[in-house]
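*Asks:* Residue strings, one per chain:
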Amino acid sequence: MRWFWVDRFTEFVSGSHAAGIKNVCLDAEVVDEYCPGYPMLPPTLIIEGMAQLGGIMVAEAFEFDKRVVLAKVGKAKFLRPALNGDTLQYHVQLDALQDNGGTVTCTSHCDGELQAEIELMFAFLEDGTIVEGPLYDPDDLKAMLQIMKFFVVAIDKDGNRFPKYAKLESED
Amino acid sequence: MALTEEDIFAKVNEALQDALGVDEDEVTEEATLVGDLGAESIDFLDIVFKLEKAFDINIPREELSPEDILTNSQYVQDGTVTAEGLAELERRMPWANLDNFKADPKVQNFGNLLTVGDLCRYVATKVNA
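Protein chains in written order, with my numbering: chain R, 288 to 459; chain P, 6 to 134.
Bound conformation, chain R alone:
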C-alpha cells in the first residue's frame, strides 16, 4: 500500500491555501475492511490526507528546507462518513507560520456538503532529532508531488507557475 491519501492537488498558492481531491474506492482494502459491511474511508485517513496537503503547504513555505512533522490534531469534526464512490474535496488554509512550526485549518466537502473540519499543527524537527538529514529522499518527495499534480497547479511565493525548488533537485 502506498501512503498517498490525496489523489491530486487541484490548487496550491504558496503561503495561502491548497486544495485537493480524494476518491474513495472500494478496491482499497482499508475502505472495505475498516468497518466490515459498511465500506468507508477511515476518518483517521482523512486526517492523514489533510496532513499531507497541509504538511506540503507548510514545507513549501520554507522551500522544502524544514523537516516537517504532524505534531498535533487540534479539532477534528466529521459530519458524515466518506463512502465508496464519494469524491472528497479537501481545502487547507495556512493560518500561521513560525520558524518552529505552523498551523492549518482544513475542510472536506462531498457533494457540496461539509464532510469534515480539521485543525492541524506541524512542528519542525531540529537537526539530529530522530534521524539525520531530510525525512524524505528529495527524489521520492519530488516524484510524489509530480504524481499528485502539484507542479501543474502550484504557484510559488513569487507568483510563478511550475515552480522549482533547489532542495528537490538531485545533487548528483
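Since the hints were derived computationally from the structure, they do not count as laboratory data. For every residue, glycine included, the Cβ atom is placed at its ideal position computed from N, Cα and C. It is possible that part of the hints are untrue.
Claimed, not checked - With beta-carbon atoms standing in for the labels, derived distance ranges: (1) P:E45 x R:S303: 26 to 36 Å; (2) R:S303 x P:D83: 48 to 58 Å; (3) P:E45 x R:V317: 53 to 63 Å.
We have chain R already, so just place chain P on it with the hints.
*Replies:* Coordinates of chain P only, in the frame set by chain R:
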C-alpha cells in the same frame, strides 16, 4: 482600546481549553501550565499560535522560552541557574513570578514555572504596549 485583565484572562482561558483540552474551571490564575494543566512541550507551540491569533500579536520564541539563558554556562552552573542568571531571567521575563523557581533554581524546574497568570501578564505587555 486597551484590554482589561478580565478580557485577557477570558481569551487566554479559551486558548488553553482549546490547546490542552482542559475545562474552563481548571484554568485559574495560579494554575501551572505543565504541572496543573498537563501541557507538554509541543503544546507550548500550539498555545503560542492560539494566543497570536486571539490577540493579533507576535510572540517570538525566546520570549516565553529563554533557552539561550538556560543553556548558557555564564548563567548556569551544575544544572542550577546562578544569581546572575536569575537576574537575567527577571529582566527578560518581568511578567513572570519567579519566586518558586528562585527557591530551587534548577534548570529542570524551569519547565514547570509558568502559570496562567504569568501568561496573562505577558499577553498584557504585548496588547497594551
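*Asks:* Confirm or reject each hint.
*Replies:* Taking the hints in turn, this is what the structure says about them:
In this structure the supplied range 26 to 36 Å holds for E45 (chain P) paired with S303 (chain R), their Cβ-Cβ distance being about 30 Å. Judged by the Cβ atoms, the range 48 to 58 Å given for S303 (chain R) and D83 (chain P) holds: they are separated by roughly 49 Å. Checking the proposed 53 to 63 Å range against E45 (chain P) and V317 (chain R) shows it is violated: the Cβ atoms sit about 30 Å from each other.
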